[in-house]
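Note that the protein sequences, when read in sequence, are chains A and B.
Just so you know, we're using my numbering here: the first sequence kicks off at 1 and counts up by one.
Just so you know, we're using my numbering here: the second sequence kicks off at 1001 and counts up by one.
For the record, the hints were derived by calculation from the structure and aren't laboratory data.
Each hint should be verified, as a subset may be incorrect.
[As the list claims (entries may be wrong)] With a Cα cut of at most 25 angstroms, we get these calculated BS3-like pairs of lysine-lysine:
#, chain 1, residue 1, chain 2, residue 2
1, B, K1234, A, K315
2, B, K1417, A, K204
3, B, K1234, B, K1151
4, A, K190, B, K1417
5, B, K1173, B, K1298
6, A, K315, B, K1428
7, A, K204, B, K1428
8, B, K1234, A, K204
9, B, K1234, B, K1371
10, B, K1133, B, K1249
11, B, K1133, B, K1298
12, B, K1301, B, K1173
13, A, K315, B, K1298
14, B, K1298, B, K1232
15, A, K315, B, K1151
16, A, K315, B, K1133
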Amino acid sequence: MSTSELVKTQKDASTVSPPRSKRPWLSERLQSFLLLLPSFIATGIFVYGFISFTIYISLSNWRTLVRDMSLRQPLLANYADLFAMPRWQADLRNTVVFTIFFMGISLGVGLGLAILLDRKLFAGTVLRNVFLFPYALSFVVCGVAWRWIFNPEAGVNILFNLLGINPLLAAVGVGPLQPGWATDPTILLKVNDALALIWPAAGKLQVQFGVPVAMIPVAIAASWQLSGFVMAMYIGGMATIPEEVREAARIDGATEWQVYRRVLIPMLAPVTISLAVLLLHTSLKIFDLVYTMTGTGPGFATDVPAIFVFEMMFKATRYNLASAGAIFMLIAVGVVIIPYLTSSLRKG
Amino acid sequence: MYRKQIVVSIFLLASLLLSACAGAATTTEPPAATSAGAEQAGGGKLEVFSWWTSGGEAAALDALFNTFKTYNPTAEIINATIAGGGGSNARAVLQTRLAGGDPPDTWQVHPGYELLGQYVASGYVDPITDLYKSEGWDKVMPAGLVEQMTKDGQIYGVLAGVHRGNGLWYNKKVLDEQGITIGETLSIDEFLGIANQLIAADITPLCVGDNGVWASAQLFENTLLGVIGPDKYKGLWDGSVSFDSAEVKQAMETYGNMLDYQNSDHSALSWDQAIQKLMEGTCVFSSMGDWAYGEFVKAQKKDNEDFGWVSHPGTAGSFMVVADGFVMAKNAPNKDNNTLWLKAIGSKEGQEAFNPLKGSIPARTDVDRAKFGPYHNWSMDSFAKDTLVPTVVHGSAAPADFQQALNDAVTTFIVDKNVDAFAAALVKAAQASGFAK
Chain A
1 MSTSELVKTQ
11 KDASTVSPPR
21 SKRPWLSERL
31 QSFLLLLPSF
41 IATGIFVYGF
51 ISFTIYISLS
61 NWRTLVRDMS
71 LRQPLLANYA
81 DLFAMPRWQA
91 DLRNTVVFTI
101 FFMGISLGVG
111 LGLAILLDRK
121 LFAGTVLRNV
131 FLFPYALSFV
141 VCGVAWRWIF
151 NPEAGVNILF
161 NLLGINPLLA
171 AVGVGPLQPG
181 WATDPTILLK
191 VNDALALIWP
201 AAGKLQVQFG
211 VPVAMIPVAI
221 AASWQLSGFV
231 MAMYIGGMAT
241 IPEEVREAAR
251 IDGATEWQVY
261 RRVLIPMLAP
271 VTISLAVLLL
281 HTSLKIFDLV
291 YTMTGTGPGF
301 ATDVPAIFVF
311 EMMFKATRYN
321 LASAGAIFML
331 IAVGVVIIPY
341 LTSSLRKG
Chain B
1001 MYRKQIVVSI
1011 FLLASLLLSA
1021 CAGAATTTEP
1031 PAATSAGAEQ
1041 AGGGKLEVFS
1051 WWTSGGEAAA
1061 LDALFNTFKT
1071 YNPTAEIINA
1081 TIAGGGGSNA
1091 RAVLQTRLAG
1101 GDPPDTWQVH
1111 PGYELLGQYV
1121 ASGYVDPITD
1131 LYKSEGWDKV
1141 MPAGLVEQMT
1151 KDGQIYGVLA
1161 GVHRGNGLWY
1171 NKKVLDEQGI
1181 TIGETLSIDE
1191 FLGIANQLIA
1201 ADITPLCVGD
1211 NGVWASAQLF
1221 ENTLLGVIGP
1231 DKYKGLWDGS
1241 VSFDSAEVKQ
1251 AMETYGNMLD
1261 YQNSDHSALS
1271 WDQAIQKLME
1281 GTCVFSSMGD
1291 WAYGEFVKAQ
1301 KKDNEDFGWV
1311 SHPGTAGSFM
1321 VVADGFVMAK
1331 NAPNKDNNTL
1341 WLKAIGSKEG
1351 QEAFNPLKGS
1361 IPARTDVDRA
1371 KFGPYHNWSM
1381 DSFAKDTLVP
1391 TVVHGSAAPA
1401 DFQQALNDAV
1411 TTFIVDKNVD
1421 AFAAALVKAA
1431 QASGFAK
């Protein structure tokens, strides 16, 4: 076939294509635009519109049931009030502490379970499902169940007696092990004085920063629920690592421990990063589990920003203050999510 | 061909979106169409919004529904209840519905600030002053109560019953075993003396269940009233008495002392679980309004035999009013049925049917006392002769934001016992709320 013939057939082919391509109003571009338009509008109104509205309220004077949309002067006064509130300061402390415990426990336990299942010890399929089941529960169910487990006069403290731990402790002359769990207002590792040395403004903090022990049972409950999910993600990640890699490591003389420590876990880094982002934004936004399990806790030991926002919005009718809290949460989640999204989109 | 698909898919998307909105609307919105013909024909609908869900409360609400049915036997009642002690969850839902322009016909409300400051000031309710005249309520309802529902000469609600908030309930059997008897009244010193005696016998004196915080706030409120007395207590809400005055700080000290006597698991329990512990005898006293009476009745405990009551230490001579009323919503979908409902609530039959089950006393003064037990008669006596005071924990004394600020300050105080910080927080909150200088 000569070149001219080729050109000719191409021309023929183009004339065969449907004539409606000549109508400019239905071009490919327009079609996709029209198809996407409803979701653009919906997202624009219900996500970005309402975010803007919330930002506006957070700058307004609206603090009773009667709507008052005038702007408050100075402009950021609601945010200043927010950060001056002892309760909000406690919330920030609790979020940090909760996040550390929650991510540490769920990543650690999840990875441990994944490795155990990877060793194909016994009943792998059954155990995998058993570990994943908690993830199928709602946070509310989980919160109520763990509230009873950690009740200081029922639940796990009774177990300490039944298992003979307390009689044993009594025999050696140590008091019985009866932790107050979520009812214990103690703050461990108080850091305010140390903080004030390097950062003088810390002297103005109205709550003691440290580790509220009441937050630990909450973090355990949340980790119990999400460890199975972490495990499933790691199992998925391990399945994508070719068997040859392990074999190569073993031929090079690596022990089984070294295979995991030096080869598999580093290769799972992308999974770990995705999980860290998922868990981090879950912990920044957590509400239902804490609300049903401990509420605000003794001395706000287990209060979190989402509970603060809910109570200020719907109980105290302080719409401006609640909106300021909500916007701060949005920014905090954004700081976590946006770098992750941009880096993964760039790769994609 | 493509074009048809596109048009169809856009149409489908749009209808999906619309039906989603419509679906959401129909689940929350009571049908409004029936109200026009309701008055002549009977029937129609009525949506009643309340937080009466526990056993005794639900039974009492049913009794009111039955009275309403004698007025309109064929009406369909939509019972919109939201669980949660003190109505904290319910109010959150109600506020959303009101702000969204979707009011129920009528809702449960506490008189005082909650009714007047929150719902009347924002124009969500209509006055029912003419009902007071036509039904003769102006003659049988105490003026002091009606005043708490009156603004600019118009009355905005009718009360179903009145609870006494400043009660101290106790397990009589445990006290008998310890050889302790409680007299007609109890001073704070007497109470602390008994509490020490109980501690010595290795018994927890005070039952608190504050996982909803308000039970602790109420213990503080009652103690505050007990220490500073009714006149100064009332002065707190009009700004004439400051929260950092010496007497109030004294009350905070006393409250801090009382906290040493409470059960260690208080923050894991709800108020009714605390009453449960009292009945079991693992602790002895509980400072609670007389909705607790319903719990004793439900557990088949006998007045003055299994359990007893007295005014919260130092508060004899005061009656803390925690009253439950209902209103006429502005733009109520079923106005005529709601008028009948309000008439039923204010009627003698309605009040006599509702209150024995609920644990409260009637707002009317002309009811048959023989229909009520010993506690109710005691409470009615107190209501007739004592000083009536409002409650902040149940919304009648101060705006919602102060109520929340008090809950928050109490939560902090339980742990740090810092009287100055407690007082400073309340002063600041009262100023922000606008009722104190």
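Verification of the hints:
In summary, the hint linking K1234(B) to K315(A) is supported, as the alpha carbons are separated by about 23 angstroms, within the 25 angstroms threshold. Distance restraint check for K1417(B) and K204(A): the Cα-Cα separation of roughly 19 angstroms lies within the 25 angstroms cut-off, and the hinted pair is therefore satisfied. Of the pairs offered as hints, the one joining K1234(B) and K1151(B) holds, with about 19 angstroms between alpha carbons and a cut-off of 25 angstroms not exceeded. Note on K190(A) and K1417(B): the hinted pairing holds, with a Cα-Cα distance of about 18 angstroms set against a maximum of 25 angstroms.
About 18 angstroms separates the Cα atoms of K1173(B) and K1298(B), which keeps this hinted pair within 25 angstroms; it holds. Between the alpha carbons of K315(A) and K1428(B) the distance comes to roughly 19 angstroms, so the proposed pair stays at or under 25 angstroms and holds. Between the alpha carbons of K204(A) and K1428(B) the distance comes to roughly 17 angstroms, so the proposed pair stays at or under 25 angstroms and holds. Our distance criterion of 25 angstroms between C-alpha atoms is broken by K1234(B) and K204(A), whose separation comes to about 34 angstroms.
For the given pair, K1234(B) sits about 33 angstroms from K1371(B) by alpha-carbon distance, which is inconsistent with the 25 angstroms threshold. For the given pair, K1133(B) sits about 45 angstroms from K1249(B) by alpha-carbon distance, which is inconsistent with the 25 angstroms threshold. Taking the CA atoms of K1133(B) and K1298(B), the gap is about 38 angstroms. The hint is violated against a cut of 25 angstroms. For the hint linking K1301(B) to K1173(B), the alpha-carbon distance of about 11 angstroms falls within 25 angstroms, and the restraint holds.
Distance restraint check for K315(A) and K1298(B): the Cα-Cα separation of roughly 30 angstroms exceeds the 25 angstroms cut-off, and the hinted pair is therefore not satisfied. With a C-alpha separation of about 37 angstroms, the suggested pairing of K1298(B) with K1232(B) is violated against the 25 angstroms cut-off. Using a Cα cut-off of 25 angstroms, the hinted pair K315(A) and K1151(B) holds, with the two alpha carbons roughly 24 angstroms apart. Under the criterion of a C-alpha separation no larger than 25 angstroms, the hint pairing K315(A) with K1133(B) is inconsistent with the structure, at around 35 angstroms.
This entry does not satisfy hints 8, 9, 10, 11, 13, 14 and 16, going by the numbered hints stated previously.
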